[in-house]
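Chains A and B, in that order, give the protein sequences. Everything in the first sequence is counted per our numbering, starting at 446 for the first residue and increasing by one. Everything in the second sequence is counted per our numbering, starting at 19 for the first residue and increasing by one.
No wet-lab data here; the hints were simulated from the structure. Only a predicted model underlies this, so the values are computations on that prediction, with no experimental measurement involved. Cβ coordinates follow ideal geometry from the N, Cα and C atoms, glycine included. The reader is advised that the hints may include incorrect statements.
To be verified - Label-pair distances were calculated between CB atoms; the ranges are:
| # | chain 1 | residue 1 | chain 2 | residue 2 | range |
| --- | --- | --- | --- | --- | --- |
| 1 | B | R42 | A | D482 | 52 to 58 angstroms |
| 2 | B | G47 | A | R481 | 38 to 44 angstroms |
| 3 | A | D482 | B | S41 | 53 to 59 angstroms |
| 4 | A | Q560 | B | G123 | 27 to 33 angstroms |
| 5 | B | E326 | A | Q560 | 19 to 25 angstroms |
| 6 | A | V531 | B | G275 | 38 to 44 angstroms |
| 7 | A | I530 | B | D43 | 29 to 35 angstroms |
| 8 | A | V553 | B | N79 | 31 to 37 angstroms |
Claimed, not checked - Some chain A residues near chain B, calculated using beta-carbon distances under 10 angstroms:
| # | residue |
| --- | --- |
| 9 | G550 |
| 10 | Q560 |
| 11 | I577 |
Unchecked claim - Keeping only pairs whose Cα atoms sit at most 25 angstroms apart, straight-line, the calculated SDA-like set for lysine to any residue is:
| # | chain 1 | residue 1 | chain 2 | residue 2 |
| --- | --- | --- | --- | --- |
| 12 | A | K581 | B | L180 |
| 13 | A | K581 | B | D225 |
| 14 | A | K581 | B | T270 |
| 15 | B | K229 | A | P522 |
| 16 | B | K181 | A | E557 |
| 17 | B | K57 | B | V140 |
| 18 | B | K181 | A | N544 |
| 19 | B | K54 | B | S23 |
| 20 | B | K181 | A | Y533 |
| 21 | B | K229 | A | E584 |
| 22 | B | K57 | B | A250 |
| 23 | B | K181 | A | E542 |
| 24 | B | K181 | A | R454 |
| 25 | B | K181 | A | V556 |
| 26 | B | K181 | A | E584 |
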Amino acid sequence: MMADVSERRTIPVPDRDSAPYWAALANGQFLLQRCRDCGHWTWPARPICSGCHGDDLAWEAPSGAGEVYSWVITHQPYAPDLARIVPYTVALVRLDEQNDIMIPGRFVSDVEIRQGLRVQAAPERVADDIGILNWKAAERPAAR
Amino acid sequence: MTDTSRFPRSQVAIVGIGCTEFSRDSGVGVFTLATKAAKAAVADAGLRLGDVDGLCTFGVNDSIAPNILAQALGIKSLSFYVDQFYGGSVSLSMIGQATLALSAGVADCVVCYRALNGRSGVRVNGSGGGAGRLPWDMQFKVSAGYIAPSQEIAMAARAHMLKYGTTNEDFGRIAILSRAHALDNERAMMRTPMTMDDYLASRWIVDPFRKFDCCLETDGAVAIVLVRADRAHDLPHRPVLVQGAAWGGGVTVVNNGHTDLTESPARPIADRLYAAAGLGASDIELAELYDCFTYNVLSQIEGYGFAEPGAVPAMLASGAFDRATGSLPLNTHGGLLSEGYIHGLNHVYEAVEQIRGDAGIRQVARHDVALVTGQLGYVSGYSSAAVLVGA
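Looking at chain A on its own, in the form it has when it is part of the complex (with noise of 0.2 angstroms):
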């Protein structure tokens, strides 16, 4: 179920530039922009390709696949959707496809993480047209 909307600080507020991103991912998408110039991938959401700037820009998918870089345990309730859920990890993602994008995302895996840990994005609806990217462990958790 999803929460009251007015206190989730955490629903992202999309624009016009933006919001194929974030309408991909509530359809369980993980898409971005791809050059169809240079090949360049580009997040977070532009106008322009940032390898080599030009405008053709399309909306591809990468595999979703990438490895922990950092991360941080949020203790303090920094808003009232997150008081419930705190403590959480937020980690800091390297994607496979390139090394100079990194994008941070609720980690909602079980798995001890560590820096390296693979991973793959979890997109997650929270509204209509809004969905948000979770990053889970590529590996099972150890048998306890």
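Fit chain B to the given chain A structure using the hints.
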């Protein structure tokens, strides 16, 4: 050093400083705080409110704008103003931009100020009602539950721990140093001693940061008065020259194009700053470094050229930054961590007192050349810094 900078070196001086009490609840509005600090600074400069023709401020929709303050101060027509969005990352760009305006002659007397009810009003950590306007890139942070600067800086701090073996105790030494320096500062909000046990016992805020890795939230205001240097010598205090300033780019955590968060965002600022000042890191006698979190200090010691990456912990342990005996007295007032959080303008205030030789029991022995900095680029992508020199 090749002298290629066109910064108007030493052409402008800080001639007045003013502040309010730093507290958890000012009991007044930010309009009152700004007015009190501005009046105090202009009086300190030996000038009259009627001399002021420029106002510069910054904030996150949590303060009072120059056009409103000007009317209260009786300034009928501002010659120059800056009303910059963002917090401490732009604190020294205020000083830099005022310097450009004064040296160009478009203004004759500029007051830079920051006023906020940072504890009782709008809190930067996002829990106190919000600032109304969010930067465009915040959508890519809030969606991860990543909404406070503490989280962004902690992410870089963790990366530094993983790469260089930096420890929580190393961060703790920065918190303890700041507290020690605040003990005899009558302006400081935190004046009880802190031990490593105290530090390690403080609760997690954003692991790897504990409570004492995080700066205070403060109600208060600071104002700084600048005029051209040729006019400064007739005024009551030792002029404090803006030897150089630099502001601008840094990398943020949601800005692709970089691969190593441990590379200090201060590095590109430092190169331009020292070129503007015609000085280098070895010339700096004291440093007031923006310390909203402990790790920022470590990263800036590296980025502004005082240590190789990874070398700061040993310097901390050896007392290199102690006010009385260190080779580089650092955050001599207790900083944002223990004095108060006026988004970096209180660092300027302290540097001016030190350079004047008016810091009393806190006075450092060598006090002619100070580095003062704003927030690292991680949060906004901006950073700022100035080198101040006694005339």
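Right, here's what the structure says about each hint:
{"no.": "1", "hint": "B:R42 with A:D482: 52 to 58 angstroms", "result": "55 angstroms, holds"}
{"no.": "2", "hint": "B:G47 with A:R481: 38 to 44 angstroms", "result": "53 angstroms, violated"}
{"no.": "3", "hint": "A:D482 with B:S41: 53 to 59 angstroms", "result": "57 angstroms, holds"}
{"no.": "4", "hint": "A:Q560 with B:G123: 27 to 33 angstroms", "result": "54 angstroms, violated"}
{"no.": "5", "hint": "B:E326 with A:Q560: 19 to 25 angstroms", "result": "22 angstroms, holds"}
{"no.": "6", "hint": "A:V531 with B:G275: 38 to 44 angstroms", "result": "32 angstroms, violated"}
{"no.": "7", "hint": "A:I530 with B:D43: 29 to 35 angstroms", "result": "30 angstroms, holds"}
{"no.": "8", "hint": "A:V553 with B:N79: 31 to 37 angstroms", "result": "33 angstroms, holds"}
{"no.": "9", "hint": "G550", "result": "5 angstroms, holds"}
{"no.": "10", "hint": "Q560", "result": "5 angstroms, holds"}
{"no.": "11", "hint": "I577", "result": "4 angstroms, holds"}
{"no.": "12", "hint": "A:K581 with B:L180", "result": "21 angstroms, holds"}
{"no.": "13", "hint": "A:K581 with B:D225", "result": "20 angstroms, holds"}
{"no.": "14", "hint": "A:K581 with B:T270", "result": "24 angstroms, holds"}
{"no.": "15", "hint": "B:K229 with A:P522", "result": "13 angstroms, holds"}
{"no.": "16", "hint": "B:K181 with A:E557", "result": "19 angstroms, holds"}
{"no.": "17", "hint": "B:K57 with B:V140", "result": "24 angstroms, holds"}
{"no.": "18", "hint": "B:K181 with A:N544", "result": "17 angstroms, holds"}
{"no.": "19", "hint": "B:K54 with B:S23", "result": "37 angstroms, violated"}
{"no.": "20", "hint": "B:K181 with A:Y533", "result": "23 angstroms, holds"}
{"no.": "21", "hint": "B:K229 with A:E584", "result": "33 angstroms, violated"}
{"no.": "22", "hint": "B:K57 with B:A250", "result": "18 angstroms, holds"}
{"no.": "23", "hint": "B:K181 with A:E542", "result": "23 angstroms, holds"}
{"no.": "24", "hint": "B:K181 with A:R454", "result": "33 angstroms, violated"}
{"no.": "25", "hint": "B:K181 with A:V556", "result": "22 angstroms, holds"}
{"no.": "26", "hint": "B:K181 with A:E584", "result": "24 angstroms, holds"}
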